Amino acid sequence: MNSKVGRNDPCPCGSGRKFKQCCLAGRPAGSFEDHVHRGNLLLDRGEAGEALLAFRRAAGLRPDLPELHLNIGLALQALGSQAEAISCYRDALARRPDHVGLLTNLAVALRNEARFDEAEPLFRRALAVDPASAFARDGLIDTLLAAGRLDEALAHSDESVRLRPELPLVHHRRGQVLQRLGMLEEALASFRRALEREPSSLDARSALLLAMHYSDQTTPADLAGESRRYGEALRGFPSPSHSNIRDPERRLRVGYVSGDFHEHSVAYFIEPVIEGHDRAAFEVHCYHTARRSDAVTARLRSRADRWCEAATLDDAKLAARIRADRIDILVDLSGHTAGHRLPVFARRPAPVQVSWIGYPGDTGLGQIPFRITDPVATPDPAAGEAGRAALPREWIRLEPVFCCYRPPVHAPEPRARQRGPDDTIVLGSCNNVAKITDASIRTWSRILERHARSRLLLKDAAFASEAGRAAILSRFAACGVPGERITLLGRTRSLADHLALYDGIDIALDTVPYCGVTTTCEALWMGVPVVSLAGDTFVSRMGRTLLSAAGHPEWCAGSVDGYVDRVLALARDPGGRERLRHTLRGELRASPLCDEAGHLRSLEQAMRTLWRRWCREVAV
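Mapping to numbering that gives the first Met the number 0: the sequence shown position 339 is 338, numbers consecutive.
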């Protein structure tokens, strides 16, 4: 999104000609033009420190050119110096208050620090100067998404498509907005339009792959084919040799790479791992690939042995950093979700590379040959998931469950639900709206039809928007469920407020086919039973493995009829549900799902086995 002075931009010297036709065409060594050109080349190569020196030498010769400070700010941002970059952009804007590049770059820097209220008016000012600026409008859309203002984000996305339909970026961003609103099929179409315009776009293909997991129309073969295409795009890197010491029993360096080392569901599952690793056997490195940081980030940083703020490093530099750290086992925690760095893994910076937790499918990279699961989520050692033959991976099955849940410290105690005079049963789902497929809606509608005194409560940020509410209610109406039987809630102010919503829910409904993970654990922790439907893929069996580990496999069905029957059986048992309010948290705390020590033993044994195997194979 950031912009800098390029070859076809107006020359910073103020001549009015293009840079390539002016100062770039003939520049004496050591001149202003030479420093600008050198800085641009270095910045393009990812050498931000040297680029900054070159731009500052140029600024010493021409301190009055605001455009030059655009590049200085970019170099500072690339170095992670957000505060200095912001100050640089503000100083330059004082001279040129309507410069679109300065406005958008300052807005991006502010947005990266979650200062959305300051970023938004700057993006709007840039658009007032240049309504066709794709960078400015994209930045505004991203800011509105982060702030949860989805109706406005959709309106600007539509305007971007109208103004610049040839740009892949506008279709990609519109797809993200539509997915957040729960308009999944429209989102998939937008991602495909982005790829039609730029077939080589890795970002658009990642977005498409993630969205395909949500759809009940996607087959395993569809996913395998799309994943393979992603992997093929990253096959050009040479296969490196690794000089890691080939001692099968030595202390290992394990690296975790994630864009979710902040207030995010992944943190619930990775924090006990980072904290609990046996430090006599493992040294823990974390590579934080997002610009966002918060109190959770600080806590995770304090738990790690080594921490790298990797968002400002390009793929080649991050891969080089990982190699320099001599990581033995590198673990991808993001897959194709936001902030991922799969192109780093394509460079094979570590001898053993593994995928885990953050993404429910195959990354498509042959350079990540191992994926962590468990015997329930992936029960068939011979065949694995449907479609696996097209994308062979080796499943690493942790016993008994692929993850370990650490409940929030400040979660409120479960409370008995206060019932009204009509004794209505409240069914609830706090899952991502993109998971609420037509298959989910048809199944839930059958339950509402068969239980006349039931209501449905749904919670997602999309339901604070008019478009999001209208979309979901129209889909239920098509199944004969009137809007008055559905309560829609948007974001809550805090995690404690979110968890307290379960005091008003009798039975939690898992989504089909993409099961919940964090939402399932939260419902159980708050004393609410969860009913799930198991399919034949990992993404559709996560509910079964979680409920089995929690000691309640009977709440997972193998068919839609079984799902409906289990919900109705729980609805007819108020005494049983009341007991669960008081006992389920204790059961979960004592279960394998919360057994941090046991989980670490299983994980570390698996890692040690992979390491010994590499040592043997390399020795041969």
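Keep in mind that a hint or two might mislead.
Unchecked claim - Estimated spans, in silico, between C-beta atoms of each pair: (1) L162 to A477: 30 to 38 Å; (2) G489 to A337: 39 to 47 Å; (3) R454 to E274: 52 to 60 Å; (4) P120 to P239: 42 to 50 Å; (5) P481 to V128: 46 to 54 Å; (6) D221 to A477: 21 to 29 Å; (7) S242 to L162: 23 to 31 Å; (8) P552 to R588: 14 to 22 Å; (9) R196 to P120: 49 to 57 Å; (10) D304 to E412: 33 to 41 Å; (11) R250 to R441: 33 to 41 Å.
Simulated from the structure, these hints should not be mistaken for laboratory data. If you're wondering where the values come from, they're calculated on a predicted model, not measured in any experiment. Don't be surprised by glycine CBs; every beta carbon is placed ideally from N, CA and C.
Going through the hints against the structure:
1. Between L162 and A477 the beta carbons are some 33 Å apart, a value that agrees with the proposed interval 30 to 38 Å.
2. Restraint check, G489 to A337: a C-beta distance of roughly 20 Å breaks the suggested window 39 to 47 Å.
3. Under the hint 52 to 60 Å, the C-beta atoms of R454 and E274, about 41 Å apart, miss the expected range.
4. As the Cβ distance of P120 to P239 is approximately 47 Å, the hint placing it in 42 to 50 Å holds.
5. Checked against the hint of 46 to 54 Å, the pair P481 and V128 passes, with Cβ atoms roughly 48 Å apart.
6. Our hint of 21 to 29 Å for D221 and A477 holds, since their Cβ atoms are close to 25 Å apart.
7. Against the hinted window of 23 to 31 Å, the Cβ-Cβ separation of S242 and L162 comes to about 52 Å, which falls outside the hint.
8. Range check, P552 to R588: about 18 Å between beta-carbon atoms, so the 14 to 22 Å window is met.
9. The hinted range of 49 to 57 Å is not satisfied by R196 and P120, whose Cβ atoms lie roughly 31 Å apart.
10. As the Cβ distance of D304 to E412 is approximately 36 Å, the hint placing it in 33 to 41 Å holds.
11. Between R250 and R441 the CB atoms are about 53 Å apart, so this pair departs from the stated range of 33 to 41 Å.
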